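Visitor: Here's the letter readout for the chains.
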Amino acid sequence: MKLPSRILSLSLVLLLPAARINAHGFLEHSDPSVGSKVHSAPAAVRIWFTEAIEPRFSSIQVFDATGKQVDKKDTRSDPSNRSQLQVSLPRLGPGSYKVIWRIVSVDTHRTNGDFRFQILP
Amino acid sequence: MRRLHLVFWFVCAICATNRVYGHGFAGARFFPATLSTDDPFVADELSLPTVSTIRTPDDGGTRETDISVEIAKRITPQFGIAIGETLTVLNPHEEHSANGFGNLELAGKYQLVKNAEHETIVSVGIGVEIGGTGSQSIGADSFTTWEPAIFFGKGFGDLPEPLRFLKPLALTGVAGIAIPSSASTRTITVNEQTAERDVDIERHPDVLEWGFALEYSVIYLQSQVQDMHLPTPIDRLIPLVEFAMETPLNRGPTGPTTGTINPGVIWAGKYFQVGVEAIIPINEHTGNNVGMIAQLHFFLDDLFPHTIGRPLFGENK
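Protein sequences appear in the order of chains A and B. The opening residue of the first sequence carries number 1 in my numbering; numbering runs sequentially from there. The opening residue of the second sequence carries number 1 in my numbering; numbering runs sequentially from there.
In case anyone wonders, no lab produced these hints; they're calculated from the structure.
Footprint (simulated), chain B over chain A, 3 or more residues, beta carbon under 8 Å: (1) 32-44; (2) 102-114.
Derived pair list, reagent style EDC-like, types lysine to aspartate or glutamate, alpha-carbon separation capped at 16 Å: (3) B:73 to B:105; (4) A:98 to A:64; (5) A:98 to A:31; (6) B:270 to B:235; (7) B:270 to A:28; (8) A:98 to A:114; (9) A:98 to B:161; (10) A:98 to B:117; (11) A:37 to B:161; (12) A:98 to B:158; (13) A:37 to A:64.
Keep in mind it's a predicted model, so treat the numbers as computed, not measured. Ideal placement from N, C-alpha and C gives every residue a C-beta, glycine not left out.
Excised from the complex, chain B in its bound form (with noise of 0.2 Å):
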C-alpha cells in the first residue's frame, strides 16, 4: 500500500506542472538538437533525416553512409520516449556494396532538473537496440544491448556582467553504458576442402559512451547580451564543436578510447532547424579519414502545438 502510495505521488509530481517550454528551454536558454551526441532536454521533435559519411579505418577502407530518422514524443512534460532507424550503405573498397537497416532503437528519457535561473538541465535515460531487427548484411548485432545514461546541459546566462560576452556558450554532454546482453558471438566456418573447423570468438565489451558539444548561441548574444545588428542568416546561427568518445571498460585487453570531435554549425529557425558538422577521428584506431554529418530537425511542438505537439498527459490547456 505504501509503495502504491509513492507511486501515485510520484504520478502527480509529474503531471502536476503547467510550464509549457517544449523543445530544449531553459529560463532565456535555447538548446539546439545536437547532431552527434544525445541532447539533454525531453521534446516532441523529428530528426529527417540524419546523414553521416566516413570512410572506416579497415583494410582498404570502407565508404560508410547512414542515413536515419528519429522522432521524439513528449509523455507527460518531464518523460518521452523516441524511436529511430537507420540505413546503412556500406561500400568498401573494390569489393561490392552493402545496405540494409540497422537494429531498432528505442529509448526513454526522463528530465530530473530544470532551473531557469542558471539554465541547467538534467536527465536520465535508457536506450535500447533490438538485437536481430536489423541486416545481417551490414554487421547489425544479433544480441540487444541495454544503455542507461545521464544527460546534461549548462548555459552560462549567469555570468557576470564583465564576462558577458561568454553568456551565449552552453556545454551539454551524455555519459552512458552500452551493455550488451551477450558477451561474445562465436562463428564456426568449415572449410570445405579439409572439413577443418574454424572458431572465431568476438568479445563484446560494456562500453562507456560520453560526449560533450559546446556552442555559442549567436541568438543568445542577439537577445540577451548585445544586438549586433547581426543580419539574416546569420543572427541565428549556433557555432559548435561536439566530441563523440567510446572507451571500452571489460572483456579482453581494453582497447584505447576511440571517437571523433565534430566542429560544425547549426541555424535554428521557428520550426525547424538545419545542421552540418565534420567528423574527425581522434586517433588511427577510429580512422584517418574526415567524415561529414549534416541534419534537417524538425520541432514539432512548434508545428502542431495542439496535437503531436504537446505531451499526452500533464500539461494544462
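Chain A extracted, bound-state conformation (with noise of 0.2 Å):
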C-alpha cells in the first residue's frame, strides 16, 4: 500500500469512529418543498433537517410579500421525529411567501437559512 492510501486509511480510522455524533443542521427537505408553487394553502410549514435540533432554541417564521408576519407562532417538533420543526399557518391567501427558519442542533451548533414558496391563485 502506498503512502498516500496509508494516510486516507489512517485519517479514516481514527476519525470515522467519531461520527455518531450530531453536526451542522442542514435543511434536508420541507413541506412546502424550497421554491415550490402549490394550489392549495397549506397548514403548516414542516421542515426536516440533518440533525436532531432543540425546540426551545429554533424557530420557523413566515413572512407575506409585504413582510408580515403570518404564521400562528406556535413553532414546535414532531416528538417523535427530533429533527423535524413545524410552525402552523392561518388560511393563506394566494401570493409568495418567506419562510426563515434558525435551529441549533443537539450538540449546540447554530445554523439558519431561508426559502420562499408561493400559492397559486
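From the two separate chains plus the hints, produce the assembled complex.
Guide: What follows is the structure, encoded as C-alpha cells:
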C-alpha cells in the first residue's frame, strides 16, 4: 500500500468512529418544498433537518410579500422525530411567502436559512 | 495605562460572542474549505491528507508529488492558528528520486467581519514558513518567509429573486505578500581539477500571492432556492474553479506571473469533505503539464463539538 493510501486509511480509522455524534443542521427537505408553487394553501410549514434539534432554541417564521409575519407563532417539534420542526399557518391567500428558520442542533451548533414558496390562485 | 485599557477591551470584544457557527458559515452560506487557495474563515479543521502531483517545467521535467497535512484550531471564535507540514517526493527525468519534508508552516488568522445577511467574511492573517526546518534534498529554503494576507468570502444569496439561480454562487479569495527574510542565497562551488570557484547568487523576491475560488453550491440551491429533488451524492456537491497566482515584485527583473487554474468539485458531508481538482498551468513558465490535487478534510467542530472542536476561549456553553 502506497503512502497516500496509508495516510488516507489511517485518518479514516482515527476519525470516522467519532462520526456517531451530531453536526451542523442543514435543511434536508420541507413541506411545502423549497421554491415550490402549490395550488392549495398549506396548514403548516414543516422542515426536516439533517440533525436532531433543540426546539426551545429553534424557530420557523413565515412572512407574506409585504413583510408581515403570518404564521401562528407556535413553532414546535415532532416528539417522534427530533429532526423535524413545524409552525402552523392560518388560511393563506395566493401569493409569495418567505420562510425563515433558525435552529440549534443538539450539539449546540446554530444554523439558519430561508426559502420561498408560492400559493397559486 | 491607556494601552492596557485598549488591550482589555480588545480581548473582551473577541470573547464576547456567543455565536457558535464553526466551520465556514456566514448566515445561510456554507463555505467549503478550498484546496488550492486559503479560505477566509477561522475554524477547527484537519486536512489529512492533501495530495497533489504535477510535472514541473525544468529540464526533462520532474514529477513533484506533495503529501501534506494541516490542522487549524480556534483560540477564540474569531482567532485561530494553523500548523502544516508537507512531504515532497521528487522524481526527476532519468535521475534518482529524492524525498523529504518541507519547512514547517505556521499561521494565524483573525476574522474581522462576518455579515450573515450578505454572507460576507473578511479576515486578516499572517503565515510563516520557518526556514531550515525542511530537508535540503528537496530544496527547502534555508531562510524564513513571512506572509501577511487578507482573505474574503462573499456568497450571492442577496441577489434579487429574478436572479435566484445565481444565488448559490460564492466567491472567496486571498491576497498576500510573501516576504523572505533573506534577499538572496549565495552558493559557492569549487572545481576540484582547476580549483576555480564558481559563485551562484539566487535572488529571493517579495512575491504577491493572490488567488480566488468561484463556487456553485448545490447544497445552497437545494435548501435556499429550489428543491430540485437531486439524488445523493449530487445534492451535496460544490463545483468550483480556483485560480492560484504568484507575481514577483522586486529584486532583479520581475518575472511573469505564474499560477494555475484548478477546476474541480467538492463533496461536503456532515463531518468531512472530499475534493479533487485538475491543476492547469496558465503559461509555460508555470509548466506544460496538467496535474491533480485531492484532499480529505475533516470538520473537527462537528466531530468533536465538546472538546477539541470548540474555541479555547470566548464561547458560551
